[in-house]
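J.: Below are the chains, spelled out letter by letter.
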Amino acid sequence: MSVALVVGVLVAIGSVVLVAAPFLREPAPTDDRLLRPGEAEQRRLAVAEERDRALAALKELEFDHRTGKVSDDDYRELVGALRQRAAETLRAGG
Amino acid sequence: MPDLGRAAIVTSFLLLAYALAAGSFAAWRGRRRLAESAQNALIAAFGATAVAAAVLLAALARHDFSFQYVADHTSRELPLGYTLTAFWGGQEGSLLLWLLVLSGYSVAAVLTARRVGREVLAWVVPTLGLVGTFFAVLLVFVASPFATQVAPADGAGLNPSLQNPYMAVHPPMLYLGYVGLTIPFAFAMGALLSGRTDERWIVATRRWTLAAWAFLGVGQLLGAHWAYVEIGWGGYYAWDPVENAALMPWLAATAFLHSVMIQEKRGMLKVWNVLLVVLAFCLSLFGTFLTRSGIIQSIHSFTQSSIGPWFLGFICLITGGSLALVLLRLPLLRAKTRLESLVSREATFLYNNLLLVALSLTILWGVVYPLLSEAVTGEAATVSKPYYNFFLHSFGLPLLLLMGIGPLVAWRRASLRALGRTFVWPLSAALAAGVALLAAGAGSSRIGVIAYTFSVFVLASIVLEFARGTSARRALGGVGWPGAFSSLVARNRRRYGGYVVHAAIVLLAIGVAGSSSYQTVREGRLHPGDSLTVAGNRLVFRGFETRTESNHRAIRANVDVYRGGEYLGRYRPGKNEYFAEDQVSNEVSIRHDLLTGGDLFLIADQVNADGSVDLKALQKPLVNLIWIAGLVFVGGSLIALWPDAREERRLAERYERAAVRI
Amino acid sequence: MARRGSPARLIVALSVAAVLAVFLLYTSIAGGGTPSLQPSQLPGHHGRVSLVGIVVGKPTGDAHAGGLHFLLRDRHAMASVPVVYTGSVPDLFKTGREVVVDGKLRKGVFVAVPNTLVTKCPSKYAPKK
Chain A
10 MSVALVVGVL
20 VAIGSVVLVA
30 APFLREPAPT
40 DDRLLRPGEA
50 EQRRLAVAEE
60 RDRALAALKE
70 LEFDHRTGKV
80 SDDDYRELVG
90 ALRQRAAETL
100 RAGG
Chain B
36 MPDLGRAAIV
46 TSFLLLAYAL
56 AAGSFAAWRG
66 RRRLAESAQN
76 ALIAAFGATA
86 VAAAVLLAAL
96 ARHDFSFQYV
106 ADHTSRELPL
116 GYTLTAFWGG
126 QEGSLLLWLL
136 VLSGYSVAAV
146 LTARRVGREV
156 LAWVVPTLGL
166 VGTFFAVLLV
176 FVASPFATQV
186 APADGAGLNP
196 SLQNPYMAVH
206 PPMLYLGYVG
216 LTIPFAFAMG
226 ALLSGRTDER
236 WIVATRRWTL
246 AAWAFLGVGQ
256 LLGAHWAYVE
266 IGWGGYYAWD
276 PVENAALMPW
286 LAATAFLHSV
296 MIQEKRGMLK
306 VWNVLLVVLA
316 FCLSLFGTFL
326 TRSGIIQSIH
336 SFTQSSIGPW
346 FLGFICLITG
356 GSLALVLLRL
366 PLLRAKTRLE
376 SLVSREATFL
386 YNNLLLVALS
396 LTILWGVVYP
406 LLSEAVTGEA
416 ATVSKPYYNF
426 FLHSFGLPLL
436 LLMGIGPLVA
446 WRRASLRALG
456 RTFVWPLSAA
466 LAAGVALLAA
476 GAGSSRIGVI
486 AYTFSVFVLA
496 SIVLEFARGT
506 SARRALGGVG
516 WPGAFSSLVA
526 RNRRRYGGYV
536 VHAAIVLLAI
546 GVAGSSSYQT
556 VREGRLHPGD
566 SLTVAGNRLV
576 FRGFETRTES
586 NHRAIRANVD
596 VYRGGEYLGR
606 YRPGKNEYFA
616 EDQVSNEVSI
626 RHDLLTGGDL
636 FLIADQVNAD
646 GSVDLKALQK
656 PLVNLIWIAG
666 LVFVGGSLIA
676 LWPDAREERR
686 LAERYERAAV
696 RI
Chain C
-13 MARRGSPARL
-3 IVALSVAAVL
7 AVFLLYTSIA
17 GGGTPSLQPS
27 QLPGHHGRVS
37 LVGIVVGKPT
47 GDAHAGGLHF
57 LLRDRHAMAS
67 VPVVYTGSVP
77 DLFKTGREVV
87 VDGKLRKGVF
97 VAVPNTLVTK
107 CPSKYAPKK
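Each protein sequence line maps, in turn, to chains A, B and C.
Sequential numbering of the first sequence, starting at 10, is according to our numbering.
Sequential numbering of the second sequence, starting at 36, is according to our numbering.
Sequential numbering of the third sequence, starting at -13, is according to our numbering.
If you're looking for bench data, these hints aren't it; they were derived computationally from the structure.
Treat the hints loosely; a few may be bogus.
Distance condition first, Cα-Cα at most 27 angstroms in a straight line; then the derived DSSO-like pairs of lysine-lysine [said to hold, decoys possible]:
#1 C:Lys90 with B:Lys610
#2 C:Lys90 with C:Lys80
#3 A:Lys68 with B:Lys610
#4 C:Lys90 with B:Lys420
#5 B:Lys610 with C:Lys80
#6 B:Lys420 with C:Lys44
#7 C:Lys80 with C:Lys106
#8 C:Lys90 with C:Lys44
Under 7 angstroms between C-beta atoms, here's a sample of chain C residues computed to sit facing chain B [said to hold, decoys possible]:
#9 Ser1
#10 Val5
#11 Val8
#12 Tyr12
#13 Gly19
#14 Thr20
#15 Pro21
#16 His32
#17 Ser36
#18 His50
#19 Val70
#20 Ser74
#21 Asp77
Reference excerpt, derived from the structure (chain B facing chain C, CB under 10 angstroms, subset only) [to be verified]:
#22 Ile266
#23 Glu558
#24 Arg560
Don't be surprised by glycine CBs; every beta carbon is placed ideally from N, CA and C.
All chains should be built: construct the whole structure from the sequences, respecting the hints.
T.: Structural data, given as structure tokens:
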């Protein structure tokens, strides 16, 4: 079955090429390290997530207040703390 | 040709094993090129698996009976459609489908996971490689679809009960669901293994999880519909182990979908989320194992095979490995935020999670009970409908109620006074409905009334959510109602898509409650001219009609249906007798009442030699809501899945701004 | 104002306890399942059991009038028991098939609970006889 043979050879060659490609493309790389984000980068990410969370919570609170799920008193109580949190994260460099 | 198939599968196995081994090494030692090479191996494995699948498909289409698999599951006169769907009709082919879907998903997920970070992806690849290697090992060494034989003149044919369109959609849908749960699992392991505790893996896999969950849900509804119209005993779910096998991971995945929202909003429950995704994946593997190993008695039992121990071993490996990993990373995962109030959306999500997991585990207990009781007492004992129904009611009804409460409660802390105000309308609607139902005589079933009242509560709260949200949006922007509505949904597709899905579940609950708590069943032996009355419908038997087709003989009982003197039509329940397979199949006749959504379900239980029929008739109120719920479910899932340009931009800014580029 | 213990742990503990309570309540009332037995294991069991076996011989009678009579045999042994059954008979029911039916042994005959007869699907392909 020559079709089968051709396809089989193609699959084999294709697989080998794909697997070897990164090494063939860069036989002598300047840097082969799989870089992990450093401490600074991880902190930046954590702050960015915190910031997004604080901003989203603020938006959510406003919306909940407007649709009546949060009473005026509770809103006043919570919004201050949330605004402060959001401001902090923005300052921290998110 | 079989050689090509075998070679392709062996190639796939080698590539997946390479992805596992090289990928792990590369991730551990931080070797970039090796990590890329492992990732490419996954891609190549998909190609090789696709070639193997194509070989099997071609052999099926060609009726190449030298392939044992083709001879065992098809025959020359089988229509082409069923010949092709026989691909997944047996053990070996369905394993190949599993591997094909897995490798396809793996490639897609890995190539589109731009935001998850190289170091996490480096561990995702070997995890996917591990699962793929397992299935490839089964296909190469234990259950090969490419076994050959001396070609017989004709194949064994497909069981007539499998010759229907459902065979084309139900298994693939379920597989897209089962296998799809591997993706969030792999990314969770990737995150743990690389020591990352942020939510990138959740963000990256959100859509995959939702899609897999939706496929699994739709697959189950298709299976229920198949059982309803084709098997035709009058029901749609029998708590059979094979049915439960799909329900358990779906429930765990539902819990997971909800609890990740808490992690996103509040950064809590990181450990719980990882445990949930491991549970969902393990239940998915367990479900695959259940339907294959013949270990639990089931009317669906596939052939008893040697594949059981392999699956069991793999499940133990995965469970043990994941738990060990979680324990190892426990200090990293501890959250700093605390639950602020027992009355908050986070808390309702927690209750919802607990109920869903509890239901899933009690079903699991019921499924394995025969094995456990046999191991302990030497005698196998089974549990059946009463057991499952009890827990479905105990956990399911509170869950139904929570679906209505959750959306009305604010995050962090809900004010009780505000709660009172927001609950007024849905609560009144529910009470009014309850009173009306009792007056209409629905009190015959306590569970039914409770289910209906809760459903009204939830539907009212969903409508209220949409209404209040639209009005708030309108007040903001000065747009009209339609503009405000579409803007509301577009800006928060996950939430409002989720509400639509909730509505679908409520419709499902109403349909299930109606058709089980309020159904009427009547049976009797009818001679021509005799009649039977069920729920106000008079059924008159007029006699039999026989017709001979190419591969079967069709016997039909002509039944005229009258209601209050009005003639509603002639319905023909009966039997088909298949010559070649020497088998009889039940052909039910269903009358859909478009006005009430109910069905009149007619079964010709027994065709008697004296020309009489033993007829069984069921009147099932509101049963069609179940199928309509399926459509609403798909709609809601699509809304939730729909890409959101604004959100994509925000996420890109968060993750890719200072992304490490090589 | 930070709380010292998280209410989350309290909720989880209470809920798990509640779930367990519901579960234990059920099992203590409803008992531990129906024994699943083969014909050779029947003697000595007087309550309702689930009988599993292979249909041998030719079934006689009418399940909708007077009862269907058939013989059930162990999967891998010769012990058999006569069964009388009323109710719906699944399409796949015939001699040689494995079935499950609930009922009680009375005076050497297994009297089945109506409409509990279930036939296992044969292996997924229909072998040519």
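J.: Hints first: check each against the structure and report whether it holds.
T.: Outcome of the hint check:
A C-alpha spacing of about 31 angstroms is found between lysine 90 of chain C and lysine 610 of chain B, which places the hinted pair above 27 angstroms, so the restraint is violated. Of the supplied pair hints, the one linking lysine 90 of chain C and lysine 80 of chain C holds, its CA atoms being roughly 22 angstroms apart against a limit of 27 angstroms. With a C-alpha separation of about 62 angstroms, the suggested pair lysine 68 of chain A and lysine 610 of chain B falls outside the 27 angstroms cut-off, and the hint is violated. Of the pairs offered as hints, the one joining lysine 90 of chain C and lysine 420 of chain B holds, with about 19 angstroms between alpha carbons and a cut-off of 27 angstroms not exceeded.
Note on lysine 610 of chain B and lysine 80 of chain C: the hinted pairing holds, with a Cα-Cα distance of about 15 angstroms set against a maximum of 27 angstroms. At roughly 31 angstroms between alpha-carbon atoms, lysine 420 of chain B and lysine 44 of chain C are farther apart than 27 angstroms, so this suggested pair is violated. About 11 angstroms separates the Cα atoms of lysine 80 of chain C and lysine 106 of chain C, which keeps this hinted pair within 27 angstroms; it holds. Of the pairs offered as hints, the one joining lysine 90 of chain C and lysine 44 of chain C holds, with about 22 angstroms between alpha carbons and a cut-off of 27 angstroms not exceeded.
Given the 7 angstroms rule on beta carbons, the hint for serine 1 of chain C holds: about 4 angstroms separates it from the nearest Cβ of chain B. Because the smallest distance between the Cβ of valine 5 of chain C and any Cβ of chain B comes to about 4 angstroms, under 7 angstroms, the interface hint for this residue holds. Taken as an interface hint, valine 8 of chain C checks out: its beta carbon lies about 5 angstroms from the nearest beta carbon of chain B, inside 7 angstroms. Restraint check, tyrosine 12 of chain C versus chain B: the minimum CB separation of about 5 angstroms is within 7 angstroms; hint holds.
With a least beta-carbon distance of about 4 angstroms to chain B, the hint placing glycine 19 of chain C at the interface is held under the 7 angstroms criterion. Annotation: interface hint on threonine 20 of chain C holds; nearest CB of chain B at approximately 6 angstroms, less than 7 angstroms. Checking proline 21 of chain C against chain B: minimum C-beta separation of about 5 angstroms stays under 7 angstroms; hint holds. At a threshold of 7 angstroms, the smallest CB-CB gap from histidine 32 of chain C to chain B is about 14 angstroms, leaving the interface hint violated.
Hint status for serine 36 of chain C relative to chain B: holds, with the closest Cβ pair at about 6 angstroms, below 7 angstroms. Using the Cβ-Cβ criterion of 7 angstroms, the hint placing histidine 50 of chain C at the interface with chain B is satisfied: the shortest such distance is roughly 4 angstroms. The restraint placing valine 70 of chain C at the interface with chain B is violated, with a minimum CB-CB distance near 16 angstroms, outside the 7 angstroms limit. Interface restraint check: serine 74 of chain C against chain B, minimum CB-CB distance 5 angstroms, threshold 7 angstroms, status holds.
For aspartate 77 of chain C, the interface hint holds, the least distance from its beta-carbon to any beta-carbon of chain B being 5 angstroms, beneath 7 angstroms. Against a cut-off of 10 angstroms between C-beta atoms, the interface hint on isoleucine 266 of chain B holds, since the closest Cβ of chain C lies about 9 angstroms away. Contact between glutamate 558 of chain B and chain C, as hinted, is supported at the beta carbon level, the nearest pair being about 8 angstroms apart and thus within 10 angstroms. Hint status for arginine 560 of chain B relative to chain C: holds, with the closest Cβ pair at about 6 angstroms, below 10 angstroms.
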